[in-house]
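Residue numbers (the numbering used here), protein chains in the order written: chain A, 1 to 277; chain B, 1001 to 1432; chain C, 2001 to 2292.
Treat the hints with care, as some may be off.
Stated by the list, open to error - Straight-line alpha carbon distances no greater than 30 Å define the calculated DSSO-like cross-link-like pairs of lysine-lysine that follow:
#1 B:LYS1082 <-> C:LYS2054
#2 B:LYS1415 <-> C:LYS2054
#3 B:LYS1311 <-> B:LYS1108
#4 B:LYS1428 <-> C:LYS2054
#5 B:LYS1428 <-> C:LYS2045
#6 C:LYS2099 <-> B:LYS1326
#7 B:LYS1144 <-> B:LYS1326
#8 C:LYS2183 <-> C:LYS2099
#9 C:LYS2155 <-> B:LYS1419
#10 A:LYS128 <-> C:LYS2099
#11 B:LYS1084 <-> B:LYS1428
#12 B:LYS1329 <-> B:LYS1298
#13 B:LYS1270 <-> B:LYS1186
#14 B:LYS1222 <-> C:LYS2183
#15 B:LYS1415 <-> B:LYS1144
#16 B:LYS1311 <-> B:LYS1082
#17 A:LYS128 <-> B:LYS1346
#18 A:LYS221 <-> B:LYS1346
Keep in mind the hints are simulated off the structure, nothing from the lab.
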Amino acid sequence: MNKKKHYTVSKILINIFLFFLVIIVLYPLYWTIINSLKTNNELFISPFSLPHKLIFKNYISAWNLGLSQYFLNSIYVSFISIAITVFLGALCAYGLSRFDIKAKNLIFMVVLGGLMLSPEVALVSLYKILQTLHLYNTRWAMIIPYIAFKLPFSVFLMRSYFISFPKDMEEAATIDGCNTFQVFYKIVVPISLPIFASTAIMDAIFVWNEFLFALVFVESKAITTIPVGLMAFRDALNTDWTVLLAGITIATLPMAILFLCMQKYFVKGLTSGAVKG
Amino acid sequence: MKRKGLMTIVLAACITMTSVFSGCSSKTADTSKDNGKITIKFLHRWPMEPNKSFLDKVVADYEKANPNIKIDMQSVANDSYKEKIKVILGTADAPDVFFSWSGEFMYKFVRENKLYDLTTALNQDGWKDTLMESQLKPFTLDNKTYGTPYSVDGKVFFYNTKIFKDNGLEVPKTWDEFIKVCDTLKSKGITPIAYGNQAPWASAHYIGTLNQKVVAEDVRTKDYNAATGEFTDSGYVEALKKYQQLIPYFNANSNAIKHDQARMNWANGKAAMIYCETQEVGEVQKLQGKDFQWGMFKFPDITDGKGDQSKLTGAPEGFVISANTKHPKEAIAFLKYLTGKEVGLKEVKEIGILNGMKGIYDTTNADAKVIEAANLINSAKDIVYWLDTDLNTKLVNVYLSETQLLTSGETTPEKMMQKIQQTAKVVKNETK
Amino acid sequence: MKERKIAPYVYIFPTLLLIIIFVYIPIIQNFYFSFFKMSSYSTVKTFVGFSNYKNIFADEIFYTAVINNTLYAVISLIFQVGIGLCLAMLLESRFVAPKLRTFFRSIYFMPSVISITVVALIFQFVYTPDIGILNGFLKAIGMGKYSHAWLGETKTAIFSIIAMSQWQYVGYIMMLFIVAIQKIPEDIYEAADIDGATGLQKALFITIPQVKEMTLVTSVITVIGAFKVFSEVYVMTSGGPGNSSQVLSTYLYRSAFINDEMGYASAIGVIIFIITITLSFIQIKISKSGQV
């Protein structure tokens, strides 16, 4: 009898605690949204109440003040980085897992070594290198370093996956006269779609939110991505905070929605990589 | 067949690499001359209103009047501008025409041969004579001029005339009178001075003014020069102590508030005074409309200070041309327009800013407040440049971060000056 | 036949090339630059030997940064790993209905997918003195006297930033632990039940030891992350007030792009490199030991 009561009481307390945590997580987001719909004056007078009138104009201002451009740039940069990373990474992983090259392990170590090198350390040199290549202040100034820094992890993920399934079908295809590339895209690729998805998502999280390179290697507002754009946005708005809050809300939506729809792949990516991001 | 497959792979790899490298060079190719149009890259520090729209229109008008010129305009906000410009100037992508503060800020670029010498151009067609000499001097080094002024600026106290009247206060002329005014306000529960130092340049303006009023002029000039700076005069400690006297009269949490927010609070009547730049007149009027009653007065005289009390802290801001510009003639033409009469008249009328031209304002086109500001500036014998653009970067860093600590009571004037002296030694050695 | 020999290299080549040019070479160059004095806008390079390093070790801002990074690491360990594990255990326990589990999991995990800049900007509003959420909350529960200018005071700035990171990442680490816990075979628990073990005993003596490897891995990535942190600090305080919230990366950035001391910045980079690579080595060793 006692044990059961003990259990119920614990259960209630624990659930209350968990709901309390939910509030801590959600409240700042809720506050951001309700205040993004107020006028600036109202924000300063009563920051915690619901808006009197819904001022959607803030969202339109935010969008027009440059947020639309930042969005497009983020999407462009993310898409291209992810596509090239997955493509090159898959090729490399395929090469490393399916062929017997003498230097196989050495090369893999070199690729993997890239994981341990952090972007901050490369900052000054990359800045100079990009200038020499005349890539500074172009979209490629972000895309290429993103690819280079994410390839190690992607190769690692995909190689583990490739190693784990048998070569029979590929060997059959080779005997039938296919060259290596045909084997690759006819057989390996279709089976690997799940791992491609997970790799792409892990990449996406990094690239969409990357800040340091986007800050230093790019100058022009026309190609700035969201993370840095929001900062410029904040400075340009001075004290126009409700528009800033609207901008923040717009910037958060895509990732939040993507997450809610594709939770499965997020978790898969996490676990198969054993968190080497 | 096998051969074909291998070729496909090699081709694919080559395409990837080529597109990666050539795709980018085409993006940065010399786009400065397509369809016969010449593109001038223009960078300024006002992504916010009211200056943003103003410059947008100014540029659009110029493009209409000069159909073969295209102006590629970018803006970076004040606080980031100081960092960004150094980075950009180090690349091949430097803008043709860009904003610069005068004084040491600009001089360091001159020393690195990054700026275009305008002396010859200024001497042609009497361009030089249309500009105020006192405003060209800060853009001149070793008798060569590198920039022209877009806005003349001085730091004064803006004050809420209604609050003063309601409390029987008069504009203070000396430091002691000033402190008394602050005391009275504080005792009535009114915040005497609005102050936002989260971006620490705000403190530089206070310290700069105090330095110039307390320390003897020749000593200060010697110390501000990187090659001879020592900062051992006791006047510097005195200046900091005077700053400390003001701390109880500032609003709370000044290190957590930006200057713009402090100004907004003042314009909303939450404080009596704020130390501002005359070019902020336009922004105050935008905030509060023409019914807000306010006025200006100069920083009070420090009667026992050894410095020159009649000088005003301030320095013109303007535009310069990159030494590497591919279109010097067109860049100069644009610069002349930007800092000339046509734009200048509009500047005064629409955004309340005075540029460096002689006789650019009168009662017909200038707002009363702008005229008040102009008179204050003109009545000063001379100007002393901003502390944070006039000193070597290392010294500025120490001054700014230490003053933040001084403001929160975490260091003392003596300790702070010790750090300044140490840094001055390092700077002196580097300047050899 | 010839194809078989060349083909693999063709597959690997682009990746290898990119990584060598854009990852390895910059890091090596960074070592090289650390022995010079350079500025961002001039082309002059002066050899100064070890003096950058000498200056770093005499620089009190450097020590502030190292202390801040360490604080970051320790607090993150306690919250992200410690509380993350506890939350994971709670959510996987019978105290929480299965339907609620997905709900809680998603909510707690969500902050980690939001852009850091967004989180930093939101938290600026949380911490702002007059209308901010935190001070408002304190006032509401009668603890108004504990209000602070969280980001404007030297004693609270770095902790405020660290707190924000915990809000963002506890859910992420928790998720990793959940996955690890789900891999624990049921029989062990059943055996314990038969022996009459309580919930707490099961947690202490079964769950925690079983997720030992995940604990080690998450600890290492948390600590590495703590030493690499940049955007949070940069966006919220730029290292201020004074230099109280500087961390190694922001100090590197400041030296390179504000103080024009690129050689000095490179030297700081070398130090970050040494710290993170040591930690990475440890991490690889650990994950390797548990892998097939």
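Pair hint outcome, LYS1082 of chain B versus LYS2054 of chain C [Cα-Cα no greater than 30 Å]: 28 Å, holds
Hint check: LYS1270 of chain B vs LYS1186 of chain B, CA-CA at most 30 Å. Holds or violated? The hint holds at about 12 Å.
Take a quick look at whether LYS1428 of chain B and LYS2045 of chain C sit within 30 Å of each other, Cα to Cα. 19 Å, holds
Holds or violated: are the alpha carbons of LYS2155 of chain C and LYS1419 of chain B at most 30 Å from each other? Roughly 21 Å separates the two Cα atoms, so the pair holds.
Would the pair LYS1428 of chain B and LYS2054 of chain C pass a check requiring their Cα atoms to be no farther apart than 30 Å? 19 Å, holds
Are the Cα positions of LYS2183 of chain C and LYS2099 of chain C separated by 30 Å at most? Since the Cα atoms of LYS2183 of chain C and LYS2099 of chain C sit roughly 20 Å apart, the hinted pair holds (cutoff 30 Å).
Does LYS1222 of chain B pair with LYS2183 of chain C here, judged by a C-alpha cut-off of 30 Å? Violated - the C-alpha atoms of LYS2183 of chain C and LYS1222 of chain B are around 73 Å apart, more than 30 Å.
Holds or violated: LYS1144 of chain B to LYS1326 of chain B, with C-alpha atoms at most 30 Å apart: 21 Å, holds
For the pair we were handed, LYS1415 of chain B and LYS2054 of chain C, check the Cα-Cα distance against 30 Å. 23 Å, holds
Need the status of pair LYS128 of chain A, LYS1346 of chain B: alpha-carbon distance at most 30 Å? Not OK: LYS128 of chain A and LYS1346 of chain B at ~42 Å, beyond 30 Å, violated.
Measure nothing beyond the straight line between the CA atoms of LYS1329 of chain B and LYS1298 of chain B; if it is 30 Å or shorter, mark the hint as holding. 41 Å, violated
Just to be careful, I want the Cα atoms of LYS2099 of chain C and LYS1326 of chain B compared with a cutoff of 30 Å; is the pair within it? 67 Å, violated
Checked against the numbered hints given earlier, the structure breaks hints 6, 10, 12, 14, 15 and 17 and satisfies all the rest.
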